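All chains should be modelled from the sequences, with the hints used to inform the complete structure.
Numbering follows numbering that gives the first Met the number 0, in which position 8 of the sequence shown is assigned residue number 7; successive positions increment by one, without gaps.
No lab work stands behind these hints: they were computed from the structure.
These numbers were taken from a predicted model, which means no experiment stands behind them.
Ideal Cβ positions, reconstructed from N, Cα and C, are used throughout, including at glycine.
Heads up, a few of these hints could be off.
Result set (DSBU-like, lysine-lysine): computed pairs, CA atoms no more than 35 Å apart in a straight line [to be verified]:
| hint | residue 1 | residue 2 |
| --- | --- | --- |
| 1 | Lys14 | Lys84 |
| 2 | Lys14 | Lys230 |
| 3 | Lys84 | Lys168 |
| 4 | Lys168 | Lys230 |
Now the in silico label distances, taken between C-beta atoms and shown as ranges [to be verified]:
| hint | residue 1 | residue 2 | range |
| --- | --- | --- | --- |
| 5 | Arg174 | Pro37 | 36 to 46 Å |
| 6 | Arg132 | Asn7 | 17 to 27 Å |
| 7 | Leu92 | Tyr207 | 27 to 37 Å |
| 8 | Leu39 | Leu195 | 17 to 27 Å |
| 9 | Arg49 | Asn7 | 47 to 57 Å |
| 10 | Arg59 | Leu92 | 27 to 37 Å |
| 11 | Val127 | Leu52 | 13 to 23 Å |
| 12 | Arg41 | Phe226 | 38 to 48 Å |
| 13 | Phe192 | Leu215 | 18 to 28 Å |
| 14 | Pro203 | Ser8 | 25 to 35 Å |
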Amino acid sequence: MITGTIDNSQRTAAKVAGFSILFSMAIVVFANYALLNPLLVRGNAAETARNILAHETQFRVAATCFLTYSLSVVVLLAALYVVLKPVNRGLALVGALFRLVFALLWLLSTLNLLSALRLLGSAPYLQVFEPDRLQTLARVYVAATFDDYYVGLPFFGLAATVCAWLWLKSNYIPRPLALFGMISSAFCVFCAFVYLIFPGFAKPVNPYWFDSPMALFEMALSFWLLFRGLKEVGPAQTQARVA
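Structure (C-alpha cells):
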C-alpha cells in the first residue's frame with residue numbers, strides 16, 4: 000500500500016541510495032580499468048603473473064575495491080528497501096534479495112583474486128608444482144571473476160527491474176525515468192541469460208551493451224535522489240495507485 004506522505008527515514012534512505020549508486024560505480028570502474036585490467040595480458044599467463052607480482056599492492060587494492068563494492072551494494076539494497084517497502088513490501092524484499100546475491104558474487108570475485116595471488120606466492124607447499132602450472136591456475140582464478148560477474152548480472156538486472164516497477168508505481172521519481180529503468184533492466188536480464196547459454200551472443204551484441212543502459216538509468220536515478228529527492232505523492236495519486 001502506498002501512503003500519501005514520505006517520512007524522514009525514506010528521504011534519508013533515498014540520499015544514501017543515491018550516494019551508494021555513484022560510489023559503487025566509481026569504485027568498480029576504478030578497480031577494473033585502472034588497477035586490474037592493465038595487469039592482464041591476453042593469452043599470456045606467464046606475463047600476467049609477472050605483472051601481478053611486480054605490482055602486488057596494486058592487485059591487492061583492486062581486490063579490496065571489489066570487497067568495498069560488495070559492501071556498497073549491501074548498503075544500497077538496504078536503502079532501497081527502506082524507500083520502496085511502503086509501495087510493496089514483498090517486492091521490495093525480493094529486489095533486495097536479488098541484489099544481495101549480486102553482492103555475494105562480488106565477494107566471491109575478491110576471494111578469486113586473493114586465491115590467484117596465493118598461487119603465485121612462495122609458500123613451501125607450492126614447490127611441488129611447476130611455475131607455469133601455477134601461473135596458468137592463477138590466470139584461471141583471475142578469469143573466474145568475469146564469470147562471477149556474468150552469473151550475478153541476471154540477479155542485478157532482476158533487482159533493478161523490480162525496483163524500477165516499484166518506482167513507477169510509487170510516483171517518487173518521474174515516470175519516464177522509471178519506465179526507462181524497467182526497459183533497460185529487463186534488456187540486461189535478457190542479454191545475460193542469452194549470453195550464458197550462447198556465449199557467441201557476445202559477437203553481435205557487445206557485452207558492454209548488456210548493462211550500459213541500466214547503468215545510465217541508475218546514474219540518472221542517483222542524481223535525482225541526491226539533488227531532487229523523492230516526489231511527494233498527492234492524495235489523488237495515492238487513491239489512484241491503491242485502486
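These are the hints, each one checked on the structure:
Annotation: proposed proximity of Lys14 to Lys84 holds, straight-line Cα distance about 16 Å (limit 35 Å). The straight-line distance between the Cα atoms of Lys14 and Lys230 is roughly 13 Å, inside the 35 Å bound, and the hint therefore holds. Pair hint Lys84 plus Lys168 holds up; C-alpha atoms about 12 Å apart against a cutoff of 35 Å. About 12 Å separates the Cα atoms of Lys168 and Lys230, which keeps this hinted pair within 35 Å; it holds.
Against the hinted window of 36 to 46 Å, the Cβ-Cβ separation of Arg174 and Pro37 comes to about 42 Å, which satisfies the hint. As the Cβ distance of Arg132 to Asn7 is approximately 58 Å, the hint placing it in 17 to 27 Å is violated. Checked against the hint of 27 to 37 Å, the pair Leu92 and Tyr207 passes, with Cβ atoms roughly 31 Å apart. A hinted range of 17 to 27 Å holds for the C-beta pair Leu39 and Leu195, which are about 22 Å apart.
At roughly 54 Å, the beta-carbon separation of Arg49 and Asn7 lies within the given 47 to 57 Å, and the hint holds. Checked against the hint of 27 to 37 Å, the C-beta distance between Arg59 and Leu92 comes to roughly 35 Å, which is consistent with it. For the pair Val127 and Leu52, the supplied restraint of 13 to 23 Å holds, since their beta-carbon distance comes to about 20 Å. Roughly 41 Å separates the CB atoms of Arg41 and Phe226, a value that falls within the hinted 38 to 48 Å.
In this structure the hint that Phe192 and Leu215 lie 18 to 28 Å apart at CB holds, the actual value being about 21 Å. About 46 Å separates the C-beta atoms of Pro203 and Ser8, a value inconsistent with the hinted range of 25 to 35 Å.
Comparing the model with each numbered hint stated earlier shows that hints 6, 14 do not hold.
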